[in-house]
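So the sequences go chain by chain: D and E. In this text, residue positions in the first sequence follow my numbering: the first is 1, and each later residue adds one. In this text, residue positions in the second sequence follow my numbering: the first is 1001, and each later residue adds one.
For the record, the hints were derived by calculation from the structure and aren't laboratory data. Hints may be right or wrong, so weigh each one.
[Claimed, not checked] Calculated pairs, SDA-like style, for lysine to any residue (alpha carbon to alpha carbon, straight line, at most 20 Å):
id: 1; chain 1: E; residue 1: 1145; chain 2: D; residue 2: 197
id: 2; chain 1: E; residue 1: 1145; chain 2: D; residue 2: 187
id: 3; chain 1: E; residue 1: 1145; chain 2: D; residue 2: 291
id: 4; chain 1: E; residue 1: 1186; chain 2: D; residue 2: 187
id: 5; chain 1: E; residue 1: 1139; chain 2: D; residue 2: 300
[Claimed, not checked] One side of the interface only, derived from the structure: several residues of chain D facing chain E at Cβ under 8 Å:
id: 6; residue: 122
id: 7; residue: 130
id: 8; residue: 185
id: 9; residue: 190
id: 10; residue: 191
id: 11; residue: 202
id: 12; residue: 273
[To be verified] Taking CB as the label site, the calculated pair distances span:
id: 13; chain 1: D; residue 1: 110; chain 2: E; residue 2: 1273; range: 28 to 36 Å
id: 14; chain 1: D; residue 1: 183; chain 2: E; residue 2: 1165; range: 49 to 57 Å
id: 15; chain 1: D; residue 1: 117; chain 2: E; residue 2: 1273; range: 31 to 39 Å
id: 16; chain 1: D; residue 1: 183; chain 2: E; residue 2: 1274; range: 41 to 49 Å
id: 17; chain 1: D; residue 1: 17; chain 2: E; residue 2: 1274; range: 31 to 39 Å
id: 18; chain 1: D; residue 1: 113; chain 2: E; residue 2: 1295; range: 36 to 44 Å
id: 19; chain 1: E; residue 1: 1303; chain 2: D; residue 2: 115; range: 46 to 54 Å
id: 20; chain 1: E; residue 1: 1223; chain 2: D; residue 2: 129; range: 30 to 38 Å
id: 21; chain 1: E; residue 1: 1165; chain 2: D; residue 2: 290; range: 52 to 60 Å
id: 22; chain 1: D; residue 1: 44; chain 2: E; residue 2: 1272; range: 26 to 34 Å
id: 23; chain 1: D; residue 1: 102; chain 2: E; residue 2: 1104; range: 18 to 26 Å
id: 24; chain 1: D; residue 1: 110; chain 2: E; residue 2: 1188; range: 47 to 55 Å
id: 25; chain 1: D; residue 1: 66; chain 2: E; residue 2: 1166; range: 55 to 63 Å
Since this is a predicted model, take the numbers as computed values, not measurements. Glycine residues also receive a C-beta, built at the ideal position from the N, C-alpha and C atoms.
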Amino acid sequence: MSAHGETVAAPRGEAVGRPAASRRVKDAAFRLGMLVCLGLAILLLGVLLWDVAVDGADRLSLDFITSFASINADQAGIQAALTGTLWLMAVCAAFIIPVGVATAIYLEEYADNTKWYNRLVEVNIQNLAAVPSIVYGILGLAFLVRGPLSLGPVILAGGLTLGLLVLPVVIIAGREAIRAVPPSIREGSMALGATQWQTIWRQVLPAAVPGIATGVILSLSRAIGETAPLIVVGAATFVAFNPEGLDSNFTAMPIQIFDWISRPSNDVNDYRPLAAAGILLLMILLLAMNSVAIWLRNRFEQKW
Amino acid sequence: MTDERHEHGHESTEREARGLRQPLEVHHADSGAPAVDGVEPRTRVAREAIFRLEGVTVSYSAKPAVRDITFDIGRNEITALIGPSGCGKSTLIRCLNRMNDLIPSATVAGKVLYHGQDLYASEVDAVEVRKRIGMVFQKPNPFPKSIYDNIAFGPRVLGMKGDMDEIVERALHHAALWDEAKDRLKTNAFGMSGGQQQRLCIARCLAVEPDVILMDEPCSALDPISTGKIEDLMMELKKEYSIVIVTHNMQQAARVSDKTAFFTVELDEDEKNRTGRVVEFDDTEKIFTNPSDPRTEAYVTGKVG
């Protein structure tokens, strides 16, 4: 072992000693570096949350949730936006679950990978997951709000637009979950005389549910915060009612927050605490959804 | 020939009621009949041939894995397929219940006659075939469900009528697993030991009341005690079912089987392709004590691995 910290191979026959000093130092420095990066990331997030909490925590109350928007900052609340967001999430989920799962099943269980059209679909799903959200907004405007379907700027159009946005995520998560089911399960089922569909419906899908559910919830977590596509599709900014149905005009939480931030604040009406409270509420919702996703994944995780 | 499984109520009408497209006819072969076209002189027709393989060749992506297989499998017998690794025993056994259909690159040439009917004829439905011909795999593969649901799965998807509790209990008795399982029917199947899981897979197979049970190295993942239990089980089962077993374990083949087919691997002259062939097919006792082919003798006496 060299005293100067050079790396010297231990002479044969001698017991293996500790690595040379320089290697230990490098090892420790690397670990420290990683910890610093991690700390920075957490710190940034913490500072952001702290800043928002300081501004908005007081404003967050039952009144806030049950009041509608108002010019009068003291009386304004987020109810319309909250219910709008919940409606949008419901429509989005109702769309992405059947369509996403069916697509995942088709791609994993039925599609012949040598066929060009199947390969095309596969490549494009990855692309679609990366397309900026405002492009989906324009798509929704062109085809859902106006154009062929002409739904108007309503909940159904908003929910479907968000659904299209996050559908690739559901498909990818669904495919991973289905692929994780071992082939031996499928073989065992087919060997008993089950058809392919029976095997998928009764063995593969039930085993893949945790992965699919996680994918769905993560998709919804993303959709809940999307603002640009909703603006393009026509979410109103000043809405003082709850949505009444799929064909109702609407607003959503990110839009409402954006509206409050953009308004000039003065001593009479200060909208900034409202915005902060809205952000806090949004983060609480997000945290709740992700916790459910993690709980689901852990509870039903299959150990093969 | 009496229908030895009458207790299960097997009649051709019931089979038709279960939705078979083609009622399979039982083919009675005379014992000691002269060789039929394509059947090697060495093979002997058992009391009744349940399978007749004639020139079966299985290829993966046009490369033959197993070539010109011709022998009969007898009813209520245990037929063992032995031979070194890679000689296509598993490939061949998977032909018998059309499991090779699940592999897109696999093609099967030649005739596989089950009760006289070609299994690969275009009008035969593979799903129907698998209802009659069950399979147990090398690695126990219970479903991630309870013991009860594992066994009930087959009868449920096949739409079998009857009291499910009774069907499950009967299958577990048949597989010599009832005592060990009766108090934990609703617990997850993965909680069982390897040997128990394999017997569960056998019970699952029995629950759909097959005619034939194919076993692809069923004991190779198990300890000797579990292996012994399953071998005892096989001797019991052969009274009602016909069994074909692939095994690497020569002693096992010698212990349980009535007939043995010895496979070997041949290298193609020009290509580097390995193809399996049957060298000898005969009564187990003859194969192990007085084989006709020197290759067989070399293998069973352990000169060649």
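To see whether the hints hold, each was checked on the structure:
1. 1145/E to 197/D: Given that 20 Å is the threshold and the Cα spacing comes to 18 Å, the pair holds.
2. 1145/E to 187/D: holds, 16 Å
3. 1145/E to 291/D: violated, 26 Å
4. 1186/E to 187/D: violated, 23 Å
5. 1139/E to 300/D: The hint is violated at about 24 Å.
6. 122: Violated - the Cβ of residue 122/D stays beyond 8 Å from chain E, reaching only about 17 Å at its closest.
7. 130: violated, 31 Å
8. 185: OK, holds: residue 185/D within 8 Å of chain E, min 6 Å.
9. 190: holds, 6 Å
10. 191: holds, 4 Å
11. 202: Result: holds, 7 Å to nearest chain E Cβ.
12. 273: violated, 51 Å
13. 110/D to 1273/E: 28 to 36 Å: About 32 Å separates the Cβ atoms of residue 110/D and residue 1273/E, which means 28 to 36 Å holds.
14. 183/D to 1165/E: 49 to 57 Å: Violated, at about 31 Å.
15. 117/D to 1273/E: 31 to 39 Å: This hint holds: roughly 33 Å between Cβ atoms.
16. 183/D to 1274/E: 41 to 49 Å: violated, 24 Å
17. 17/D to 1274/E: 31 to 39 Å: Because 51 Å falls outside the window, the suggested range is violated.
18. 113/D to 1295/E: 36 to 44 Å: holds, 41 Å
19. 1303/E to 115/D: 46 to 54 Å: holds, 50 Å
20. 1223/E to 129/D: 30 to 38 Å: violated, 48 Å
21. 1165/E to 290/D: 52 to 60 Å: violated, 43 Å
22. 44/D to 1272/E: 26 to 34 Å: violated, 60 Å
23. 102/D to 1104/E: 18 to 26 Å: holds, 22 Å
24. 110/D to 1188/E: 47 to 55 Å: Distance hint for residue 110/D, residue 1188/E is violated at roughly 30 Å.
25. 66/D to 1166/E: 55 to 63 Å: Holds, since residue 66/D and residue 1166/E (Cβ atoms, about 58 Å apart) stay within the stated range.
In summary, the structure is inconsistent with hints 3, 4, 5, 6, 7, 12, 14, 16, 17, 20, 21, 22, 24 from the numbered list given earlier, while agreeing with the others.
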